[in-house]
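Novice: Single-letter residue listing:
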Amino acid sequence: MKARVYVMLKTGVLDPQGEAVRHALGSLGFDGVQGVRQGKLIELDLADGTDEAVIAQMCDKLLANTVIESYRIEVL
Amino acid sequence: MRAAVVVFPGSNCDRDMAVALRAAGADVTMVWHKDASLPDGVDLVAIPGGFSFGDYLRCGAIAAQSPICRAVVAHAGRGGYVLGVCNGFQVLAETGLLPGALMRNSGLKFICKTVDLIVQTSDTAFTAGYQAGQAIRLPVAHHDGNYTVDPDMLARLQGDDRIAFRYAQPLNGSVEGIAGLVSDNRRVLGMMPHPERAVDVGHGGTDGQALFRELVAQVVAA
Chain A
19 MKARVYVMLK TGVLDPQGEA VRHALGSLGF DGVQGVRQGK LIELDLADGT DEAVIAQMCD
79 KLLANTVIES YRIEVL
Chain B
52 MRAAVVVFPG SNCDRDMAVA LRAAGADVTM VWHKDASLPD GVDLVAIPGG FSFGDYLRCG
112 AIAAQSPICR AVVAHAGRGG YVLGVCNGFQ VLAETGLLPG ALMRNSGLKF ICKTVDLIVQ
172 TSDTAFTAGY QAGQAIRLPV AHHDGNYTVD PDMLARLQGD DRIAFRYAQP LNGSVEGIAG
232 LVSDNRRVLG MMPHPERAVD VGHGGTDGQA LFRELVAQVV AA
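As they're listed, the protein sequences go chains A and B. Just so we're aligned, residue 19 is where the first sequence starts under our numbering, counting upward by one. Just so we're aligned, residue 52 is where the second sequence starts under our numbering, counting upward by one.
Keep in mind the hints are simulated off the structure, nothing from the lab. Don't take each hint at face value.
As the list claims (entries may be wrong) - Result set (SDA-like, lysine to any residue): computed pairs, CA atoms no more than 20 Å apart in a straight line:
| # | chain 1 | residue 1 | chain 2 | residue 2 |
| --- | --- | --- | --- | --- |
| 1 | A | K28 | B | D203 |
| 2 | A | K28 | B | D201 |
| 3 | B | K160 | A | H41 |
| 4 | A | K79 | B | Y107 |
| 5 | B | K160 | B | H194 |
| 6 | A | K58 | A | F48 |
| 7 | A | K79 | B | G147 |
| 8 | A | K28 | B | P202 |
Unchecked claim - Which residues of chain B face chain A? A partial, calculated answer using Cβ under 7 Å:
| # | residue |
| --- | --- |
| 9 | R109 |
| 10 | L159 |
| 11 | K160 |
| 12 | Q209 |
To be verified - Calculated from the model, a selection of chain B residues having no Cβ within reach of chain A, i.e. all distances over 10 Å:
| # | residue |
| --- | --- |
| 13 | P60 |
| 14 | R66 |
| 15 | M81 |
| 16 | R129 |
| 17 | P150 |
| 18 | R155 |
For glycine and all other residues, C-beta sits at the position ideal for the given N, C-alpha and C.
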């Protein structure tokens, strides 16, 4: 089985990289880009039947830093 | 005083750290990240700067899961001293030994220069050689030194006098200009500036000497 983990900075945590991308889009002439948030997509190739709770543990222990990041798990 | 300097793949300030500690009188052993235990009788573990594991995933994240880090967490749990500089600070934040996290610098650039710091407290073994309010100059060299922490923890850090150093001028977006802080028991210090790069006149400054000298003196006296 495969799963995807999306890791994003928490709402309220300033994202300087996203801001830089937003400025760059503006300078390319793309008007109306009001915000950009940049995150990570991690694809996991897992043994069949892996419990989503186990994937959540992977996120809490390593894949995300829950001090500043939130994550979302998508089992494919 | 017995010190251990941890070496990860990608550490690059490990020898400088060892030189600084030896110059202050410490007996230094280098330990490899795969070692599961620290040498007997170690008083201080120093986690040096660098780019452990290529900064993959997040700075310090992979190093924080290494076998030696489990031993470092246990050492800190026994009341042992730990000093993390630059990438070492990032590792300590990732292990949870220090609160908060170090994000990409607000200006997005790698910053490599000597900066003015204000010592915030002399009430730690690391900063006893300075006066609170004293201005010192130390080099910084980092891309991810933008310290962030939630408001409740920030209030605790301030209330408990745990902020060790602040940048004299805004540098990297760090909340309250925090450059270094200590743990609840004041025996774990994480700091982005490099005291080990300012211990010899040949370095262009010696403001880091007092940190190592007093740390060794206080641990020997304890």
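Novice: Classify the label on M81/B as holds or violated, using whether its beta-carbon is more than 10 Å from each beta-carbon of chain A.
Specialist: holds, 26 Å
Novice: Taking the closest Cβ pair, is L159/B under 7 Å from chain A?
Specialist: For L159/B, the interface hint holds, since the closest Cβ of chain A sits about 6 Å away, which is under 7 Å.
Novice: R129/B: least C-beta distance to chain A exceeds 10 Å?
Specialist: Its Cβ never comes within 10 Å of chain A, the nearest being 23 Å, so this holds.
Novice: For the pair we were handed, K160/B and H194/B, check the Cα-Cα distance against 20 Å.
Specialist: holds, 6 Å
Novice: K28/A and D203/B were given as a pair; does the straight-line alpha-carbon distance stay at or below 20 Å?
Specialist: holds, 16 Å
Novice: If we take the beta carbon of R66/B, is the closest beta carbon in chain A still more than 10 Å away?
Specialist: Non-interface label stands for R66/B: nearest chain A Cβ at 29 Å, farther than 10 Å.
Novice: Once the shortest beta carbon distance from R109/B to chain A is found, is it less than 7 Å?
Specialist: Constraint on R109/B satisfied, holds at 6 Å.
Novice: The output says P60/B does not contact chain A. Does that hold with a beta carbon cutoff of 10 Å?
Specialist: holds, 17 Å
Novice: Determine whether the non-interface label on P150/B survives the test: each CB of chain A must be over 10 Å from its CB.
Specialist: Answer for P150/B: violated, closest chain A Cβ roughly 8 Å.
Novice: Given the hinted pair K160/B and H41/A, is their alpha-carbon gap at most 20 Å?
Specialist: holds, 16 Å
Novice: Does K160/B hold up as a contact with chain A if the rule is Cβ-Cβ below 7 Å?
Specialist: violated, 10 Å
Novice: Would the stated hint for Q209/B survive a check requiring a Cβ distance to chain A of less than 7 Å?
Specialist: violated, 18 Å
Figure legend: structure checked against the earlier numbered hints; hints not met, in rising order: 6, 11, 12, 17 and 18.
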